[in-house]
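Protein chains: 2
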Amino acid sequence: MFDDITTPTLLLDEAVCRSNIRRMAEKARQCNLLLRPHMKTPQSVEVGRWLRDYGIEAITVSSFRMAEYFAADGWADITVAFPVNIREMGTIKRLSERIRLNVTVENVEGARALQEQLRQSVMVWVKINIGNNRTGLLPNDTARIDTLLDYLAKAGRLQFCGFMGHAGQSYADRGQAAIAQTHQTSLSAMQALRERYQARFPQLKISVGDTPTASVMDNFPGVDEIRPGNFLFYDLMQWQIGACSIQDIAVAMACPVVARHPDRSEIVLYGGAVHFSKDYLTFPDGKPFYGLAAKRGENGWELLHPKAYLRKLSQEHGVLWLPKDLIADIEIGSLMMVLPVHSCLTANLMKAYRLMDGRTIGMMLT
Amino acid sequence: MFDDITTPTLLLDEAVCRSNIRRMAEKARQCNLLLRPHMKTPQSVEVGRWLRDYGIEAITVSSFRMAEYFAADGWADITVAFPVNIREMGTIKRLSERIRLNVTVENVEGARALQEQLRQSVMVWVKINIGNNRTGLLPNDTARIDTLLDYLAKAGRLQFCGFMGHAGQSYADRGQAAIAQTHQTSLSAMQALRERYQARFPQLKISVGDTPTASVMDNFPGVDEIRPGNFLFYDLMQWQIGACSIQDIAVAMACPVVARHPDRSEIVLYGGAVHFSKDYLTFPDGKPFYGLAAKRGENGWELLHPKAYLRKLSQEHGVLWLPKDLIADIEIGSLMMVLPVHSCLTANLMKAYRLMDGRTIGMMLT
Numbered sequence: 001m002f003d004d005i006t007t008p009t010l011l012l013d014e015a016v017c018r019s020n021i022r023r024m025a026e027k028a029r030q031c032n033l034l035l036r037p038h039m040k041t042p043q044s045v046e047v048g049r050w051l052r053d054y055g056i057e058a059i060t061v062s063s064f065r066m067a068e069y070f071a072a073d074g075w076a077d078i079t080v081a082f083p084v085n086i087r088e089m090g091t092i093k094r095l096s097e098r099i100r101l102n103v104t105v106e107n108v109e110g111a112r113a114l115q116e117q118l119r120q121s122v123m124v125w126v127k128i129n130i131g132n133n134r135t136g137l138l139p140n141d142t143a144r145i146d147t148l149l150d151y152l153a154k155a156g157r158l159q160f161c162g163f164m165g166h167a168g169q170s171y172a173d174r175g176q177a178a179i180a181q182t183h184q185t186s187l188s189a190m191q192a193l194r195e196r197y198q199a200r201f202p203q204l205k206i207s208v209g210d211t212p213t214a215s216v217m218d219n220f221p222g223v224d225e226i227r228p229g230n231f232l233f234y235d236l237m238q239w240q241i242g243a244c245s246i247q248d249i250a251v252a253m254a255c256p257v258v259a260r261h262p263d264r265s266e267i268v269l270y271g272g273a274v275h276f277s278k279d280y281l282t283f284p285d286g287k288p289f290y291g292l293a294a295k296r297g298e299n300g301w302e303l304l305h306p307k308a309y310l311r312k313l314s315q316e317h318g319v320l321w322l323p324k325d326l327i328a329d330i331e332i333g334s335l336m337m338v339l340p341v342h343s344c345l346t347a348n349l350m351k352a353y354r355l356m357d358g359r360t361i362g363m364m365l366t
Numbered sequence: 001m002f003d004d005i006t007t008p009t010l011l012l013d014e015a016v017c018r019s020n021i022r023r024m025a026e027k028a029r030q031c032n033l034l035l036r037p038h039m040k041t042p043q044s045v046e047v048g049r050w051l052r053d054y055g056i057e058a059i060t061v062s063s064f065r066m067a068e069y070f071a072a073d074g075w076a077d078i079t080v081a082f083p084v085n086i087r088e089m090g091t092i093k094r095l096s097e098r099i100r101l102n103v104t105v106e107n108v109e110g111a112r113a114l115q116e117q118l119r120q121s122v123m124v125w126v127k128i129n130i131g132n133n134r135t136g137l138l139p140n141d142t143a144r145i146d147t148l149l150d151y152l153a154k155a156g157r158l159q160f161c162g163f164m165g166h167a168g169q170s171y172a173d174r175g176q177a178a179i180a181q182t183h184q185t186s187l188s189a190m191q192a193l194r195e196r197y198q199a200r201f202p203q204l205k206i207s208v209g210d211t212p213t214a215s216v217m218d219n220f221p222g223v224d225e226i227r228p229g230n231f232l233f234y235d236l237m238q239w240q241i242g243a244c245s246i247q248d249i250a251v252a253m254a255c256p257v258v259a260r261h262p263d264r265s266e267i268v269l270y271g272g273a274v275h276f277s278k279d280y281l282t283f284p285d286g287k288p289f290y291g292l293a294a295k296r297g298e299n300g301w302e303l304l305h306p307k308a309y310l311r312k313l314s315q316e317h318g319v320l321w322l323p324k325d326l327i328a329d330i331e332i333g334s335l336m337m338v339l340p341v342h343s344c345l346t347a348n349l350m351k352a353y354r355l356m357d358g359r360t361i362g363m364m365l366t
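First to last, the sequence lines map onto chains A and B.
Here this note's numbering is used: the first residue of the first sequence is 1, the next is one more, and so on.
Here this note's numbering is used: the first residue of the second sequence is 1, the next is one more, and so on.
What the hints contain is simulated information worked out from the structure, not anything from laboratory work.
Because the structure is a prediction, the values reported are computed rather than measured.
One or more of the hints may lead you astray.
[Stated by the list, open to error] Restricting the straight-line Cα-Cα distance to at most 27 Å, the calculated cross-link-like pairs of lysine-lysine (DSS-like) are:
| hint | chain 1 | residue 1 | chain 2 | residue 2 |
| --- | --- | --- | --- | --- |
| 1 | A | Lys-351 | B | Lys-27 |
| 2 | A | Lys-324 | A | Lys-351 |
| 3 | B | Lys-154 | B | Lys-307 |
| 4 | B | Lys-27 | B | Lys-205 |
| 5 | A | Lys-287 | B | Lys-287 |
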């Protein structure tokens with residue numbers, strides 16, 4: 001099945017990915033939410049076309065370049081969930097004349113550049129920091145929010161849509177109770193903003209979007225739209241958080257075995273930091289790992305062994321620890337399957353997917 | 001000078017890079033070593049052409065694909081410093097018919113595949129684990145070394161060249177004394193092998209090659225060839241190890257400023273894990289950092305402030321902490337320069353360099 005694979009290859013199980021899409025689309029329908037998946041995870045128009053089979057018409061991306069890539073494949077309603085970079089006004093102008101473009105602002109400088117330099121109107125979301133402390137206005141900083149909304153209200157080309165947040169702090173959660181706590185805290189902040197500003201902006205919407213809360217929660221009070229991305233593929237990080245099972249993980253790396261070291265119970269894979277990325281998780285004892293060995297099961301991937309882990313990555317080498325009794329069966333030149341810690345960064349490095357039927361599908365290139 | 005930069009851009013100071021090449025080439029000449037730079041760092045034929053100006057005729061790469069990329073630009077003596085991946089025999093065959101190809105083996109399976117499937121002869125280096133514990137035969141495991149050398153001696157297409165090692169444990173060293181200790185230990189292991197096998201293989205050579213020892217040491221007893229790569233650009237990791245100064249760092253990222261958070265003394269950059277990689281260093285207090293802010297000095301880069309650091313990276317966002325008095329001067333839409341922690345991984349993600357005169361030079365693409 002994988003005989004023609006010669007170098008590290010990112011395998012994508014379309015059936016698992018479609019099942020992830022179907023489940024999230026059903027939940028969104030039941031909760032009356034618009035599902036606007038974040039395409040920074042797959043970065044692939046082919047995967048984008050699968051979404052359309054589940055009624056999805058709108059997407060999120062993380063850069064204007066990525067918006068252009070998907071717009072060229074017919075997506076007409078795209079949100080760039082990143083504080084507007086005013087150095088890219090040329091690209092923004094082109095996009096705004098072509099599609100329904102949603103941009104993210106969190107300061108008057110960004111809003112002013114859009115208002116003064118665009119010819120078409122754009123949808124504007126105000127970025128709120130709902131606990132991630134990456135970026136956005138603090139929900140209780142109503143002075144700065146008021147100033148920005150006052151500017152937007154007067155800016156003819158900028159149509160204020162509502163508040164956007166990303167509860168990325170959920171990536172530090174482990175288990176359903178912790179995720180539920182993050183969900184509640186971040187949505188409360190959004191609810192308070194809605195109550196404060198709804199009289200002035202009756203149409204305002206609330207958009208949130210991290211994979212852990214979108215996967216685990218069934219109730220999204222006060223939310224109009226969710227923007228998860230990683231759920232398309234999931235990965236070991238989401239599994240450790242408690243947002244998915246191993247069988248929900250749609251991607252795995254196939255890595256040639258190039259060396260065996262039975263004395264230390266390790267093998268060396270062709271598959272390193274330029275394939276997996278250096279993102280890691282830790283075992284309960286604090287030891288880091290960069291991936292876990294896998295095998296094909298009946299419905300997707302299974303762990304080869306709970307502790308068969310990528311111990312170390314250098315640029316092209318991956319050192320995989322395995323229990324001694326498993327090493328004996330592994331031949332030089334065979335393929336070892338490895339589930340990635342962070343599928344978004346692995347996909348970004350690999351730039352292509354191999355489907356289980358042998359076809360290769362492309363991604364956005366640099 | 002950087003007005004036309006719109007998105008995260010990797011700047012390369014050719015003068016600094018050439019000065020790094022010149023210094024290493026002079027040292028190699030003085031020590032009677034062949035300098036065979038590792039091109040996994042720049043992955044660029046244009047940078048490769050600079051090497052030729054300093055008399056360099058042979059290079060190292062980390063994959064057969066990279067060997068093909070450089071062979072197409074006229075390099076005729078290339079070492080692939082990675083345990084031979086026998087699934088790539090088609091590429092190896094093509095290369096062996098075209099250039100002087102040096103491959104790395106550490107097991108009979110790899111050697112046998114080469115012997116049985118190639119038509120042309122190849123140079124073979126035996127990989128020794130000189131303390132890095134990544135891969136290679138242990139220097140005192142003479143039973144396995146003997147078995148492999150016995151096979152090579154009989155294999156007509158395989159020309160045994162000598163022993164190759166990489167003292168990558170030097171990356172954990174801090175300061176000259178620690179690096180000197182690593183250097184001595186790893187070279188002693190190689191010396192012992194030379195003494196043991198020289199009578200049988202009088203031409204055997206010793207090749208080593210990590211940037212810290214190659215940069216700091218001036219004496220390479222018993223060594224014939226060095227293969228450093230990172231020295232071409234250096235980075236914050238080498239600076240922290242003590243292998244270079246800040247002014248020796250040839251690359252920096254130019255990142256648009258998209259948000260300001262004076263309340264927490266931070267700004268947000270367009271520049272994240274898909275630009276820098278997730279490799280990090282730690283301050284003495286254990287706090288991680290993913291880059292340090294920089295400015296142009298008279299002869300290359302200088303730190304903007306010793307503690308102005310990239311605190312957090314997500315896929316496209318970088319959160320940079322700065323002292324409060326510096327924040328006031330920073331405008332939305334301006335560019336912030338950031339020195340990378342690990343230039344090899346940053347370059348691998350960026351796929352192009354912008355020189356200080358505005359020209360862009362390419363890299364090997366996926």
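Comparing the hints with the structure gives:
no.: 1; hint: A/Lys-351 - B/Lys-27; verdict: violated (39 Å)
no.: 2; hint: A/Lys-324 - A/Lys-351; verdict: violated (34 Å)
no.: 3; hint: B/Lys-154 - B/Lys-307; verdict: violated (59 Å)
no.: 4; hint: B/Lys-27 - B/Lys-205; verdict: holds (19 Å)
no.: 5; hint: A/Lys-287 - B/Lys-287; verdict: holds (18 Å)
The structure is inconsistent with the numbered hints 1, 2, 3, although it conforms to all the rest.
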